[in-house]
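> So the sequence lines, in the order shown, correspond to chains E and U. For the first sequence, my numbering puts the final residue at 268, and the numbers step up evenly by one. For the second sequence, my numbering puts the final residue at 266, and the numbers step up evenly by one.
In case anyone wonders, no lab produced these hints; they're calculated from the structure. Take these hints with a grain of salt, some might be off.
Stated by the list, open to error - Straight-line alpha carbon distances no greater than 25 Å define the calculated DSS-like cross-link-like pairs of lysine-lysine that follow:
1. U:LYS242 <-> E:LYS187
2. U:LYS141 <-> E:LYS183
3. E:LYS27 <-> U:LYS144
4. U:LYS141 <-> U:LYS242
5. U:LYS242 <-> U:LYS144
Said to hold, decoys possible - For each label pair, taking beta carbons as the anchor points, the in silico distance ranges come out as:
6. E:GLU23 <-> U:ALA228: 47 to 57 Å
7. U:ASP182 <-> E:ALA7: 54 to 64 Å
8. E:ARG79 <-> U:ALA228: 39 to 49 Å
9. E:LYS187 <-> U:GLN233: 16 to 26 Å
10. E:MET3 <-> U:GLU238: 21 to 31 Å
11. U:ALA228 <-> E:ALA247: 16 to 26 Å
12. U:MET115 <-> E:GLU77: 36 to 46 Å
13. E:ARG98 <-> U:PRO140: 44 to 54 Å
14. U:GLN233 <-> E:CYS25: 50 to 60 Å
15. U:GLY124 <-> E:LYS183: 17 to 27 Å
Glycine included, every Cβ here is placed at the ideal spot set by N, Cα and C.
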Amino acid sequence: MQPIATKVVRGVTLRADPAREPCFKVVQEPSELADFADMSETARRQRLHKHVHNEMQSMEMAAQTLADFPDAPWELRMSLARQCWDEARHCRVLHRRLLEIGGRRGEFPVMNFEWSITCMADSVWARIAIQNRTFEGGEIDLLKRLVRIWKEAGDPVTAEILDGILADEIQHVRFSNDWFKRLGKENPAALLKVAAAVHFVRGIARALEPREGETNAAGVDLTAFEHVEVLVSPEDRRLAGFSDAEIEQAVLQETAIVGTSTGTPR
Amino acid sequence: MASTYMAVTGLEAAPLADGGTVIYSPKTSKFVMLNRSAERLWSRLQAARTEEDLVRDLCQTYTGAGSDPVRRDVQLALESLRGLELVRSQPGVAGDGPAPASREPPPGNGEPYATPAVQVLGEEDLLKVFQLTAAEISVAGCWWAGCRSGNP
Chain E
3 MQPIATKVVR
13 GVTLRADPAR
23 EPCFKVVQEP
33 SELADFADMS
43 ETARRQRLHK
53 HVHNEMQSME
63 MAAQTLADFP
73 DAPWELRMSL
83 ARQCWDEARH
93 CRVLHRRLLE
103 IGGRRGEFPV
113 MNFEWSITCM
123 ADSVWARIAI
133 QNRTFEGGEI
143 DLLKRLVRIW
153 KEAGDPVTAE
163 ILDGILADEI
173 QHVRFSNDWF
183 KRLGKENPAA
193 LLKVAAAVHF
203 VRGIARALEP
213 REGETNAAGV
223 DLTAFEHVEV
233 LVSPEDRRLA
243 GFSDAEIEQA
253 VLQETAIVGT
263 STGTPR
Chain U
115 MASTYMAVTG
125 LEAAPLADGG
135 TVIYSPKTSK
145 FVMLNRSAER
155 LWSRLQAART
165 EEDLVRDLCQ
175 TYTGAGSDPV
185 RRDVQLALES
195 LRGLELVRSQ
205 PGVAGDGPAP
215 ASREPPPGNG
225 EPYATPAVQV
235 LGEEDLLKVF
245 QLTAAEISVA
255 GCWWAGCRSG
265 NP
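Given these sequences and hints, build the entire structure.
Next comes the structure, spelled out in structure tokens:
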């Protein structure tokens, strides 16, 4: 892997941001984002805008992993290439929907949270542990909920788009889990890369945790939010190749987080 | 002269969120999970230590740890670690020098003592232990839609 450019955010070294068109304002901390707390028209545009940018990052991460690890197994590289195609399609579909509801690229600030963390990893196994198994694993849980939120907000079109994206993301998580199972038999030492990667992400999440009373650019108090109910979606996680024991553990962890948050468990 | 104990070389380790760690031995191809107090023992074993050194260290590190039960725990933990080929013993001189056996170590002022636990993990167990949920990521500031008033 070639030497990489880095940046430091709250004392944590992360990969430097990918290139962005001038229309985008790239920020480094959640407090600089303008994430709204409701489903107003502005908030809807902002939610879709963020999702478009997240899909863009997903495509860039998979592509960067292909570029950084040319010696990775061919079948894994094929899966990553297909993932690039999927994420690009998600980005285009969501962007089209954003335009339909009156949004535009660059209307809100963006942050390359996932890119900056994932692309610090120096092995292909750590990369897919972070991007696919962790971030996209979390995303399949969240997408399930987002489909409901958009439906309840009277926008079945966006809800349907998200439901379609969910099916693809399950496959992205699944191929990573398949690889880790294979790795456990063929090269168990490499599994420790998964462990180190998860520890790294956890450390960053803690470093970026909002300080008491911290608000974002939209005036939302970042520490006063309500955590959602336990989000883990066992059915989708099972489809994504997680074992029952892993799902049970994820539910336990999430319950512990919700139970100890500053917000109100729902 | 008391026997000393020391961790074998060539092992890999990954820290756990709760202060424990997972060790991988390429020689035995085994993953071994240590809880926080076992990890403390493990960290001390990077240099040669006597059993008494380890007992004293645990008593001074944790609260509510009496030397007799801790000694039994240390003996069991060392036996497990040796059985898993993670620690070797040898007659020799301890890193810190032996503590007087008759003297009770001063009480610790840290967190409550928990018996050191050494557990062998299968590959699936390992993957189970190293998971991160959306809620945990959301702590970093409403990642995607992990919180009610944040958004994707």
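> Would you say the C-beta atoms of LYS187 of chain E and GLN233 of chain U sit inside 16 to 26 Å of each other?
Once the Cβ atoms are compared, 21 Å apart, the range 16 to 26 Å for GLN233 of chain U and LYS187 of chain E holds.
> Taking 25 Å as the top limit, are the C-alpha atoms of LYS242 of chain U and LYS187 of chain E close enough?
holds (16 Å)
> Between ALA228 of chain U and ALA247 of chain E, does the beta-carbon spacing fit 16 to 26 Å?
Holds: the Cβ-Cβ distance is about 23 Å, inside 16 to 26 Å.
> Measure nothing beyond the straight line between the CA atoms of LYS141 of chain U and LYS183 of chain E; if it is 25 Å or shorter, mark the hint as holding.
Holds, because 21 Å separates the two Cα atoms, which is no more than 25 Å.
> Verify the CB-CB distance for GLU23 of chain E and ALA228 of chain U against the hinted window 47 to 57 Å.
holds (53 Å)
> Sort out whether LYS144 of chain U lies within 25 Å of LYS242 of chain U, counting only the CA atoms.
It holds: about 16 Å lies between the C-alpha atoms, which stays within 25 Å.
> Could you see if the CB distance from GLN233 of chain U to CYS25 of chain E stays within 50 to 60 Å?
holds (53 Å)
> Taking the Cβ atom of MET3 of chain E and the Cβ atom of GLU238 of chain U, is their distance within the range 21 to 31 Å?
Since MET3 of chain E and GLU238 of chain U have Cβ atoms about 29 Å apart, the given range 21 to 31 Å holds.
> Measure nothing beyond the straight line between the CA atoms of LYS141 of chain U and LYS242 of chain U; if it is 25 Å or shorter, mark the hint as holding.
Since the Cα atoms of LYS141 of chain U and LYS242 of chain U sit roughly 23 Å apart, the hinted pair holds (cutoff 25 Å).
> Is 44 to 54 Å right for how far apart the beta carbons of ARG98 of chain E and PRO140 of chain U are?
holds (51 Å)
> Take the C-alpha atoms of LYS27 of chain E and LYS144 of chain U, compute the straight-line distance between them, and say whether it is at most 25 Å.
violated (48 Å)
> Taking 39 to 49 Å as the stated bounds, is the beta-carbon spacing between ARG79 of chain E and ALA228 of chain U within them?
Given range 39 to 49 Å: holds, Cβ gap about 45 Å.
Comparing the model with each earlier hint shows violations of hints 3 and 12; every other hint is respected.
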